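S.K.: Make the full structure from the sequences, and use the hints.
Number of protein chains: 2
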Amino acid sequence: MLYLIGLGLYDEKDISIRGLEILRECDEIYAEFYTNRWCGNLKNLGLKKARVLIRKDIEENPGENVLKNCKGKKVALLVPGDPMIATTHIDLVLRAEKLGVSVEIVHSSSVCSAISETGLQAYKFGKTASIAFPEKDYFPESFYNVLKENLELCLHTLMLLDVKSEENRFMSVNQAIEILLEIEDKRGDGVFTEKTRCVGCARLGSRRRVIKEGSAHDLLNCDFGLPPHCLVVPGELHFMEEEALVRFRIF
Amino acid sequence: MLYLIGLGLYDEKDISIRGLEILRECDEIYAEFYTNRWCGNLKNLGLKKARVLIRKDIEENPGENVLKNCKGKKVALLVPGDPMIATTHIDLVLRAEKLGVSVEIVHSSSVCSAISETGLQAYKFGKTASIAFPEKDYFPESFYNVLKENLELCLHTLMLLDVKSEENRFMSVNQAIEILLEIEDKRGDGVFTEKTRCVGCARLGSRRRVIKEGSAHDLLNCDFGLPPHCLVVPGELHFMEEEALVRFRIF
Chain V
413 MLYLIGLGLY DEKDISIRGL EILRECDEIY AEFYTNRWCG NLKNLGLKKA RVLIRKDIEE
473 NPGENVLKNC KGKKVALLVP GDPMIATTHI DLVLRAEKLG VSVEIVHSSS VCSAISETGL
533 QAYKFGKTAS IAFPEKDYFP ESFYNVLKEN LELCLHTLML LDVKSEENRF MSVNQAIEIL
593 LEIEDKRGDG VFTEKTRCVG CARLGSRRRV IKEGSAHDLL NCDFGLPPHC LVVPGELHFM
653 EEEALVRFRI F
Chain Z
413 MLYLIGLGLY DEKDISIRGL EILRECDEIY AEFYTNRWCG NLKNLGLKKA RVLIRKDIEE
473 NPGENVLKNC KGKKVALLVP GDPMIATTHI DLVLRAEKLG VSVEIVHSSS VCSAISETGL
533 QAYKFGKTAS IAFPEKDYFP ESFYNVLKEN LELCLHTLML LDVKSEENRF MSVNQAIEIL
593 LEIEDKRGDG VFTEKTRCVG CARLGSRRRV IKEGSAHDLL NCDFGLPPHC LVVPGELHFM
653 EEEALVRFRI F
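Sequence order for the protein chains is V and Z.
With positions in the first sequence counted from 1, the corresponding number in the working numbering is that position plus 412.
With positions in the second sequence counted from 1, the corresponding number in the working numbering is that position plus 412.
Treat the hints with care, as some may be off.
Which copy is meant is left open, so a pair is good if it fits within one copy or across any two.
[To be verified] Below, simulated DSS-like cross-link-like pairs (lysine-lysine); rule was C-alpha separation at most 30 angstroms, straight line: (1) Lys624 with Lys460; (2) Lys510 with Lys455; (3) Lys485 with Lys624; (4) Lys548 with Lys576.
Everything labelled a hint here was simulated from the structure, so no lab data went into it.
Only a predicted model underlies this, so the values are computations on that prediction, with no experimental measurement involved.
M.R.: Quick look at the structure:
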């Protein structure tokens with residue numbers, strides 16, 4: 413039996429009671445922190461034995477690492493946020509079931525719904541975009557197209573920011589804005605300029621959460637502190653959303 | 413101080429440890445179950461004193477009901493799912509802050525991210541639609557337009573189904589499909605026919621969760637059991653999504 417258990421948004425207090433109860437019955441416990449940054453400490457969950465996995469343990473040969481122990485045992489994999497948001501875990505579930513291992517998913521809080529703490533209505537978000545760190549020979553731009561399509565439909569866009577935990581690199585709101593402005597410079601579609609209204613968020617779900625609203629130009633120089641960060645570009649605003657956003661205005 | 417605390421997807425085991433800890437420090441505890449169906453029992457959280465509110469307690473005059481007790485006290489409002497998904501709670505937060513009441517939000521699991529348990533990728537959902545019960549003089553169709561727009565962009569559509577808890581009416585997957593087919597009959601845009609591929613879900617986040625995939629015609633006669641239900645119409649599928657969905661096929 414394999415349990416994929418969500419750790420939730422921020423630290424060890426965001427796991428559900430359901431998740432914690434199952435964890436206490438498990439024979440083996442793994443955790444991964446490469447799909448998202450997690451700010452807790454597994455010891456605070458009373459877990460001395462949890463083994464932290466790296467990407468290749470799950471993606472390259474999980475049958476030899478994670479899954480080989482699941483038959484006849486209860487094995488948990490702890491995942492930041494809500495576990496199935498990461499595509500790699502859909503793949504893991506399919507591989508597990510092919511090996512005859514049953515899987516149970518324990519959900520937890522996720523930026524996908526927590527973003528409504530900004531006051532922007534969950535029903536008015538379009539497709540979610542992911543901004544990747546540009547590489548030497550690779551400067552992805554698909555998130556710019558997603559933003560463009562959403563804005564044409566007057567919808568808000570949640571942008572999830574790249575995580576390279578093995579290099580301890582987590583994209584900041586500032587870096588995301590720089591990347592978007594660079595693409596705008598090149599393409600000139602008027603989708604994301606220095607005047608574009610943005611909402612930058614950091615550490616959602618914690619008491620240290622920061623939400624700031626302003627133009628791309630103004631947010632570019634704001635310090636959002638430690639990751640995880642995310643960025644929203646609002647579409648058309650309902651008056652109640654406008655009233656909610658103004659609370660976070662920076663100037 | 414007002415704490416809006418998410419109860420999460422299914423029952424009393426879905427609240428986070430953070431939520432439970434705060435609840436134990438609160439002087440007064442309210443709960444509402446009209447924005448969504450919740451299948452737990454507050455007594456199992458050790459709450460004998462919680463008062464269940466109806467819609468008008470919060471929407472018509474919260475200053476006289478919920479908010480008047482928040483100054484100098486710790487007051488919790490328990491909400492099914494993740495609290496800010498319901499627009500009415502964005503309004504409540506704004507009203508509270510105008511009265512000088514601080515608000516803290518405690519997130520929990522939500523259908524918005526849990527829907528990825530179907531194997532459909534969270535990044536490929538467009539705008540969420542809500543299907544309302546038709547009334548005598550009012551047959552809303554906006555969700556049909558949302559579906560149409562999402563399908564044109566090859567995106568999946570999550571449809572949240574109406575809840576009228578004061579009348580103990582919770583829309584089923586079957587009713588949602590009937591409503592969509594009725595609008596299709598009238599408009600004939602070819603957006604949702606008997607052949608449209610659908611994914612029906614019930615009780616996500618619980619061990620009694622059901623996910624079934626098939627044509628609208630085939631799902632129409634499936635029994636999904638007790639609410640809450642939701643419906644997904646997939647857009648274009650990645651091969652891994654296809655592989656995941658086939659596991660839930662009904663025929």
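S.K.: Does each hint fit the structure? Answer for all of them.
M.R.: Against the structure, the hints:
no. : hint               : verdict
1   : Lys624 with Lys460 : neither (38 angstroms within a copy, 39 angstroms between copies)
2   : Lys510 with Lys455 : neither (33 angstroms within a copy, 41 angstroms between copies)
3   : Lys485 with Lys624 : between (46 angstroms within a copy, 28 angstroms between copies)
4   : Lys548 with Lys576 : within (15 angstroms within a copy, 55 angstroms between copies)
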